[in-house]
Amino acid sequence: MDDKTVNCSGCKTYPCYQGEDCVRGQDFSQYDGPVRKALSVEENRKMLEVSSRIEGEHYMEWTRLEEIIGFAEQMGYKTIGLAHCVGLTNEAKLLRDILQSKFTVHTICCKFSGIDKKDYKLSQIRDERYEAICNPIGQALILNDLKTDLNLIVGLCIGHDILFSKYSKAPVTTFLVKDRVTGHNPAVALYSNYYKKKLNTP
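Just so it is clear: in the sequence shown, position 31 is 30 by numbering that gives the first Met the number 0, and no numbers are missing.
No false leads were slipped in.
Calculated pairs, SDA-like style, for lysine to any residue (alpha carbon to alpha carbon, straight line, at most 25 Å): (1) Lys101 x Gln73; (2) Lys45 x Gln73; (3) Lys11 x Gln29; (4) Lys110 x Ile141; (5) Lys177 x Ser122; (6) Lys45 x Leu145; (7) Lys101 x Lys146; (8) Lys146 x Thr88; (9) Lys77 x His105; (10) Lys165 x Met46; (11) Lys101 x Tyr58; (12) Lys45 x Met59; (13) Lys11 x Gln25.
The hints are simulated quantities; they were obtained by calculation from the structure and are not laboratory data.
Model, not experiment: these values are computed from the prediction.
Go ahead and model the full structure; you've got the sequences and the hints to work with.
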(Lines of atoms letter the chains of each structure in order from A; the text may use other names.)
(Lines give C-alpha, C1' and ligand atoms only; values in the text may rest on other atoms or scores of the structure.)
Protein backbone atom coordinates (compact mmCIF):
# COMPACT_ATOMS: atom_id res chain seq x y z
CA MET A 0 0.00 0.00 0.00
CA ASP A 1 1.12 3.55 -0.60
CA ASP A 2 0.51 6.36 1.88
CA LYS A 3 -2.96 7.32 0.66
CA THR A 4 -5.87 6.94 3.02
CA VAL A 5 -7.94 3.76 2.89
CA ASN A 6 -11.62 4.67 3.12
CA CYS A 7 -14.00 1.78 2.48
CA SER A 8 -16.60 3.55 4.64
CA GLY A 9 -17.01 6.12 1.86
CA CYS A 10 -18.06 3.49 -0.70
CA LYS A 11 -21.71 3.27 -1.75
CA THR A 12 -21.65 0.15 -3.95
CA TYR A 13 -19.13 -2.34 -2.49
CA PRO A 14 -18.36 -4.23 -5.73
CA CYS A 15 -15.85 -6.29 -3.74
CA TYR A 16 -18.85 -8.04 -2.18
CA GLN A 17 -19.41 -9.62 -5.61
CA GLY A 18 -15.70 -10.26 -6.24
CA GLU A 19 -15.21 -7.26 -8.53
CA ASP A 20 -12.43 -4.67 -8.49
CA CYS A 21 -12.65 -1.68 -6.18
CA VAL A 22 -14.32 1.26 -7.93
CA ARG A 23 -12.34 3.63 -5.71
CA GLY A 24 -9.07 2.46 -7.23
CA GLN A 25 -7.77 0.81 -4.08
CA ASP A 26 -5.54 -2.16 -4.90
CA PHE A 27 -5.38 -4.73 -2.13
CA SER A 28 -4.07 -7.61 -4.25
CA GLN A 29 -0.76 -7.73 -2.38
CA TYR A 30 -2.64 -9.01 0.68
CA ASP A 31 -4.27 -11.97 -1.06
CA GLY A 32 -1.23 -14.20 -0.58
CA PRO A 33 -0.72 -13.48 3.14
CA VAL A 34 -4.45 -13.89 3.82
CA ARG A 35 -4.60 -17.24 2.03
CA LYS A 36 -1.50 -18.36 3.91
CA ALA A 37 -3.09 -17.40 7.24
CA LEU A 38 -6.24 -19.29 6.29
CA SER A 39 -4.18 -22.42 5.72
CA VAL A 40 -3.73 -22.51 9.52
CA GLU A 41 -6.36 -24.94 10.84
CA GLU A 42 -7.57 -22.78 13.74
CA ASN A 43 -7.97 -19.70 11.54
CA ARG A 44 -9.84 -21.66 8.89
CA LYS A 45 -12.14 -23.23 11.46
CA MET A 46 -12.95 -19.83 13.01
CA LEU A 47 -13.87 -18.48 9.58
CA GLU A 48 -15.99 -21.54 8.79
CA VAL A 49 -17.88 -21.40 12.09
CA SER A 50 -18.50 -17.65 11.96
CA SER A 51 -19.73 -17.93 8.36
CA ARG A 52 -22.04 -20.78 9.32
CA ILE A 53 -23.53 -18.78 12.19
CA GLU A 54 -24.03 -15.76 9.95
CA GLY A 55 -25.61 -17.84 7.21
CA GLU A 56 -27.91 -19.93 9.40
CA HIS A 57 -28.89 -17.41 12.08
CA TYR A 58 -28.72 -14.00 10.38
CA MET A 59 -31.01 -11.55 12.21
CA GLU A 60 -32.10 -14.36 14.55
CA TRP A 61 -29.43 -14.72 17.23
CA THR A 62 -28.38 -12.12 19.77
CA ARG A 63 -24.70 -11.47 20.33
CA LEU A 64 -24.82 -13.74 23.37
CA GLU A 65 -26.36 -16.58 21.36
CA GLU A 66 -23.72 -16.08 18.68
CA ILE A 67 -20.94 -16.33 21.26
CA ILE A 68 -22.41 -19.51 22.73
CA GLY A 69 -22.91 -21.05 19.29
CA PHE A 70 -19.42 -20.06 18.16
CA ALA A 71 -17.78 -21.48 21.29
CA GLU A 72 -19.73 -24.75 21.03
CA GLN A 73 -18.94 -25.25 17.35
CA MET A 74 -15.28 -24.43 17.94
CA GLY A 75 -15.20 -27.12 20.63
CA TYR A 76 -14.30 -24.72 23.42
CA LYS A 77 -14.77 -26.04 26.96
CA THR A 78 -13.47 -23.24 29.19
CA ILE A 79 -14.40 -19.55 28.96
CA GLY A 80 -12.90 -16.63 30.87
CA LEU A 81 -14.73 -13.41 31.69
CA ALA A 82 -12.58 -10.34 32.29
CA HIS A 83 -14.99 -7.87 33.82
CA CYS A 84 -15.12 -4.37 35.25
CA VAL A 85 -15.87 -4.19 38.97
CA GLY A 86 -18.76 -1.88 38.11
CA LEU A 87 -20.31 -4.59 35.95
CA THR A 88 -20.02 -7.45 38.42
CA ASN A 89 -23.76 -8.09 38.30
CA GLU A 90 -23.71 -8.36 34.50
CA ALA A 91 -20.71 -10.70 34.72
CA LYS A 92 -22.61 -12.89 37.21
CA LEU A 93 -25.67 -13.03 34.96
CA LEU A 94 -23.45 -13.94 32.01
CA ARG A 95 -21.64 -16.60 34.02
CA ASP A 96 -24.94 -18.12 35.16
CA ILE A 97 -25.98 -18.53 31.52
CA LEU A 98 -22.65 -19.81 30.21
CA GLN A 99 -21.88 -22.29 32.98
CA SER A 100 -24.66 -24.62 31.83
CA LYS A 101 -22.47 -25.38 28.81
CA PHE A 102 -18.91 -24.39 29.75
CA THR A 103 -16.46 -24.14 32.63
CA VAL A 104 -16.43 -20.40 33.36
CA HIS A 105 -13.82 -18.32 35.21
CA THR A 106 -14.53 -14.68 36.10
CA ILE A 107 -11.83 -12.23 37.14
CA CYS A 108 -12.50 -8.67 38.30
CA CYS A 109 -10.38 -5.75 37.09
CA LYS A 110 -9.43 -4.62 40.61
CA PHE A 111 -7.98 -7.91 41.87
CA SER A 112 -4.73 -7.55 43.85
CA GLY A 113 -5.75 -4.00 44.83
CA ILE A 114 -2.57 -2.33 43.58
CA ASP A 115 -2.50 1.35 44.57
CA LYS A 116 -2.83 3.85 41.70
CA LYS A 117 -0.29 6.01 43.50
CA ASP A 118 2.36 3.34 42.93
CA TYR A 119 2.27 4.34 39.25
CA LYS A 120 1.25 7.98 39.70
CA LEU A 121 -2.09 7.34 37.98
CA SER A 122 -4.95 9.83 38.02
CA GLN A 123 -7.65 9.14 40.61
CA ILE A 124 -11.40 9.79 40.56
CA ARG A 125 -11.14 11.16 44.11
CA ASP A 126 -7.70 12.05 45.46
CA GLU A 127 -8.63 11.70 49.14
CA ARG A 128 -9.31 7.96 49.02
CA TYR A 129 -7.43 4.77 48.20
CA GLU A 130 -8.02 3.69 44.63
CA ALA A 131 -6.77 0.42 43.16
CA ILE A 132 -5.62 0.26 39.57
CA CYS A 133 -7.52 -1.70 36.97
CA ASN A 134 -5.37 -4.73 36.26
CA PRO A 135 -6.07 -6.01 32.73
CA ILE A 136 -2.62 -7.52 32.30
CA GLY A 137 -3.10 -9.49 35.49
CA GLN A 138 -6.57 -10.57 34.36
CA ALA A 139 -5.06 -11.96 31.17
CA LEU A 140 -2.21 -13.71 32.99
CA ILE A 141 -4.60 -15.43 35.40
CA LEU A 142 -6.85 -16.65 32.59
CA ASN A 143 -3.74 -17.79 30.71
CA ASP A 144 -2.79 -19.94 33.71
CA LEU A 145 -6.34 -21.32 33.82
CA LYS A 146 -5.92 -22.30 30.15
CA THR A 147 -9.16 -20.78 28.92
CA ASP A 148 -10.18 -21.52 25.34
CA LEU A 149 -11.94 -18.18 24.82
CA ASN A 150 -11.97 -14.94 26.81
CA LEU A 151 -14.81 -12.43 26.87
CA ILE A 152 -14.41 -8.76 27.76
CA VAL A 153 -17.24 -7.51 29.95
CA GLY A 154 -17.05 -3.74 30.19
CA LEU A 155 -13.33 -3.12 30.62
CA CYS A 156 -12.30 0.54 30.31
CA ILE A 157 -10.87 1.83 27.05
CA GLY A 158 -7.19 0.99 27.01
CA HIS A 159 -7.61 -1.72 29.60
CA ASP A 160 -9.50 -3.79 27.03
CA ILE A 161 -6.61 -3.31 24.62
CA LEU A 162 -4.03 -4.39 27.19
CA PHE A 163 -6.11 -7.43 28.11
CA SER A 164 -6.35 -8.48 24.47
CA LYS A 165 -2.61 -7.92 24.03
CA TYR A 166 -1.66 -10.27 26.87
CA SER A 167 -4.36 -12.92 26.51
CA LYS A 168 -3.15 -16.19 25.00
CA ALA A 169 -6.69 -17.31 24.22
CA PRO A 170 -8.76 -15.62 21.50
CA VAL A 171 -10.67 -12.59 22.79
CA THR A 172 -14.05 -11.15 21.87
CA THR A 173 -16.10 -8.41 23.50
CA PHE A 174 -19.52 -9.16 24.95
CA LEU A 175 -20.18 -5.77 26.54
CA VAL A 176 -18.56 -2.43 25.72
CA LYS A 177 -18.52 -0.03 28.64
CA ASP A 178 -20.21 3.31 27.99
CA ARG A 179 -21.51 4.79 31.22
CA VAL A 180 -23.30 7.62 29.42
CA THR A 181 -25.30 5.60 26.87
CA GLY A 182 -26.16 2.51 28.90
CA HIS A 183 -23.26 0.59 27.35
CA ASN A 184 -24.40 1.22 23.78
CA PRO A 185 -21.61 3.31 22.20
CA ALA A 186 -23.33 3.37 18.81
CA VAL A 187 -25.78 5.90 20.28
CA ALA A 188 -23.13 8.57 19.71
CA LEU A 189 -23.34 7.88 15.96
CA TYR A 190 -27.11 8.26 15.72
CA SER A 191 -27.88 11.07 18.16
CA ASN A 192 -27.95 14.63 16.80
CA TYR A 193 -26.79 15.86 20.20
CA TYR A 194 -23.61 13.83 20.07
CA LYS A 195 -23.05 14.63 16.40
CA LYS A 196 -23.00 18.32 17.31
CA LYS A 197 -20.87 17.69 20.37
CA LEU A 198 -18.34 15.75 18.30
CA ASN A 199 -18.43 18.34 15.48
CA THR A 200 -19.62 15.92 12.80
CA PRO A 201 -21.92 16.87 9.90
